[in-house]
Structure formats: C-alpha cells, structure tokens
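So the chains spell out like this:
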Amino acid sequence: AQSVTQLDSQVPVFEEAPVELRCNYSSSVSVYLFWYVQYPNQGLQLLLKYLSGSTLVKGINGFEAEFNKSQTSFHLRKPSVHISDTAEYFCAVSDDYKLSFGAGTTVTVRA
Amino acid sequence: EAGVAQSPRYKIIEKRQSVAFWCNPISGHATLYWYQQILGQGPKLLIQFQNNGVVDDSQLPKDRFSAERLKGVDSTLKIQPAKLEDSAVYLCASSLGIAGTDTQYFGPGTRLTVL
Chain Z
529 AQSVTQLDSQ
539 VPVFEEAPVE
549 LRCNYSSSVS
559 VYLFWYVQYP
569 NQGLQLLLKY
579 LSGSTLVKGI
589 NGFEAEFNKS
599 QTSFHLRKPS
609 VHISDTAEYF
619 CAVSDDYKLS
629 FGAGTTVTVR
639 A
Chain X
502 EAGVAQSPRY
512 KIIEKRQSVA
522 FWCNPISGHA
532 TLYWYQQILG
542 QGPKLLIQFQ
552 NNGVVDDSQL
562 PKDRFSAERL
572 KGVDSTLKIQ
582 PAKLEDSAVY
592 LCASSLGIAG
602 TDTQYFGPGT
612 RLTVL
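Chains as they are written, first to last, in our numbering: chain Z, 529 to 639; chain X, 502 to 616.
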C-alpha cells in the first residue's frame, strides 16, 4: 500500500513571500503524484499532477512541483503567495486505481 | 459543466440514529468514490464504484456503513447506527475512468456531527 508523509502540518507565510510544502511518499513501483487544494468549506481541487516525463510540473495559480524519484519526494512551491492562497494542501499518491492522501498542510498567508 | 453535487451540506444527529448522504457525479463519469475526512486528517477512501459495481470497499465499516450506486449514476451512503467517531466530512468524487492517472473531481462534502 502507498503512503504519503507531509512533513509540515502548518506553514505561516507573509504575502508575496515564497512557500514550499514538502511531501514524501513510499513506493516500490511506479506511482502517480498529485497535489490538491482545499479552501474553507469546499471540496478538493486539483492543483497539478505528475504522471511521467518532465520532473518539473506546472499547475494552476502559479504553483509548481518537482518529482524526485531518488528521494521519493514531490515538493510543491510557489514563488510569491497571495492572501487567497490560504487553504489546506494535500499531497496524494496513486497506484493502479487507488488514491492515498497525506494528512495535509495548512497554509496561512498574512499581509 | 456541472460539478459533483452533494446533499445535504450539513447534518447533525444523535448517536445511534441513522443518516444518508446523496451524491450526483459529473455526467459521463464512470467511477464514483466516497471518502471520509476526519478533522486534521487527509481523506480516506471508503468505497469506490465503477458504473454500478464495487471496485474497492476494503475500508468501509460494513457493520454500520452501506452504499449503493443505482443505475451507475447517483449514489447514496448510509450510516446506521451512527457513532460519535463518525463525525467527519464525507466527500464524494468522480472520475472518467478507473486508472490511477485519472483526475478525481470532488464535491463540496457533507459535514456530519454526531452528538
């Protein structure tokens, strides 16, 4: 079974500063990796996903993530955050059909 | 394109009562998922349907939870009887296919409080 570890449960950050959310996964086979965002009182929305090919993946709202197979990591970054990026972020790993989520990282952006 | 619809959005019940949640997936999506999201945790898959067949229900507490997807479209998730630890957000999601590469689209969730 796949498992995902999000290394930071909460990340406070000032507006226009960069942010990095760390994600590590355990797997012995090929996997597919996802980042989802959850705004308050809403469902999850896909930010980006890695299936194959280039290890740098660009997503919506200026986010990007880098797949590192040797370190089994898939860290999410944004060079300059906005107040509207305040949300919970989930890293997820999928094998043939099942998606397994990390516990989430709460990002709070302050002015 | 309409998203995944869920109702109700909020539900408060006493322990030992029963409750049902409804989900309407995106039109044309063959696969439907029910997740349980406990406060402070990531979503946990309860059951996955492809059309009207069950693909995975290994983490569904079958002594109290049941789910069905009639005609391969809408789905209902039922809890009977509810326990305090069932307090959570219940998320429904759908995807075109069943492959691990498919994007899952989530509804807004139903927040259940069991008193």
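Everything labelled a hint here was simulated from the structure, so no lab data went into it. Bear in mind the structure is a predicted one, so any value in this text is a computation, not a measurement. We put the beta carbon where it would ideally sit given N, CA and C, even for glycine. The reader is advised that the hints may include incorrect statements.
DEER-style ranges, computed between Cβ atoms [to be verified]:
#	chain 1	residue 1	chain 2	residue 2	range
1	X	Ile513	Z	Arg638	30 to 36 Å
2	X	Lys572	Z	Pro540	27 to 33 Å
3	Z	Ser558	X	Val556	18 to 24 Å
4	Z	Ile611	X	Lys563	42 to 48 Å
5	X	Thr577	Z	His610	37 to 43 Å
6	X	Ser567	Z	Val539	36 to 42 Å
7	X	Ser567	Z	Ser554	28 to 34 Å
8	X	Lys584	Z	Gly590	39 to 45 Å
9	Z	Ser555	X	Thr577	22 to 28 Å
Here are some chain X residues the structure puts well away from chain Z; computed CB gaps all over 12 Å [claimed, not checked]:
#	residue
10	Arg510
11	Glu515
12	Ser519
13	Ala521
14	Asn552
15	Asp557
16	Lys563
17	Val574
18	Lys579
19	Leu585
20	Ala594
21	Asp603
22	Thr604
23	Leu613
Now the hints, each set against the structure:
For Ile513 of chain X and Arg638 of chain Z, the Cβ-Cβ distance of about 33 Å falls inside the hinted range of 30 to 36 Å, so the restraint holds. Here the CB-CB span from Lys572 of chain X to Pro540 of chain Z is close to 48 Å, at odds with the stated 27 to 33 Å. A C-beta distance of roughly 20 Å is found between Ser558 of chain Z and Val556 of chain X, which places it inside the suggested range of 18 to 24 Å. Hint check: Ile611 of chain Z to Lys563 of chain X, Cβ distance near 44 Å, so the stated range 42 to 48 Å holds.
The given range of 37 to 43 Å is respected by Thr577 of chain X and His610 of chain Z, whose C-beta atoms sit roughly 39 Å from each other. Our hint of 36 to 42 Å for Ser567 of chain X and Val539 of chain Z holds, since their Cβ atoms are close to 39 Å apart. For the hinted restraint 28 to 34 Å between Ser567 of chain X and Ser554 of chain Z, the CB-CB distance of approximately 32 Å keeps it satisfied. Against the hinted window of 39 to 45 Å, the Cβ-Cβ separation of Lys584 of chain X and Gly590 of chain Z comes to about 42 Å, which satisfies the hint.
Evaluation of the 22 to 28 Å hint for Ser555 of chain Z and Thr577 of chain X yields a failure: the beta carbon distance comes to about 34 Å. Chain Z draws Arg510 of chain X into its interface by the beta-carbon criterion, the shortest separation being 8 Å against a cut-off of 12 Å. The Cβ of Glu515 of chain X lies farther than 12 Å from every Cβ of chain Z, with a closest approach of about 24 Å, so its non-interface assignment holds. Every CB of chain Z lies more than 12 Å from the CB of Ser519 of chain X, the least distance being 24 Å, so the non-interface label holds.
For Ala521 of chain X, the shortest C-beta to C-beta distance to chain Z comes to about 19 Å, beyond the 12 Å cut-off, and the non-interface label holds. For Asn552 of chain X, the condition that its CB be more than 12 Å from all CB atoms of chain Z holds, with the nearest at approximately 14 Å. For Asp557 of chain X, the non-interface assignment is contradicted: its Cβ lies about 6 Å from the closest Cβ of chain Z, within the 12 Å cut-off. The Cβ of Lys563 of chain X lies farther than 12 Å from every Cβ of chain Z, with a closest approach of about 18 Å, so its non-interface assignment holds.
For Val574 of chain X, the requirement that its beta carbon stay farther than 12 Å from each beta carbon of chain Z is met, with the minimum near 19 Å. With a cut of 12 Å on Cβ distances, Lys579 of chain X stays outside the contact zone with chain Z, its closest approach being about 21 Å. Every CB of chain Z is more than 12 Å from the CB of Leu585 of chain X (nearest about 21 Å), matching its label as outside the interface. Listed as outside the interface, Ala594 of chain X is inconsistent with that label: its C-beta sits roughly 8 Å from the nearest C-beta of chain Z, within the 12 Å cut-off.
At roughly 9 Å from the closest C-beta of chain Z, the C-beta of Asp603 of chain X falls inside 12 Å, breaking its exclusion from the interface. For Thr604 of chain X, the non-interface assignment is contradicted: its Cβ lies about 5 Å from the closest Cβ of chain Z, within the 12 Å cut-off. Against the 12 Å criterion, Leu613 of chain X stays outside the reach of chain Z, whose nearest CB is about 14 Å from its own CB.
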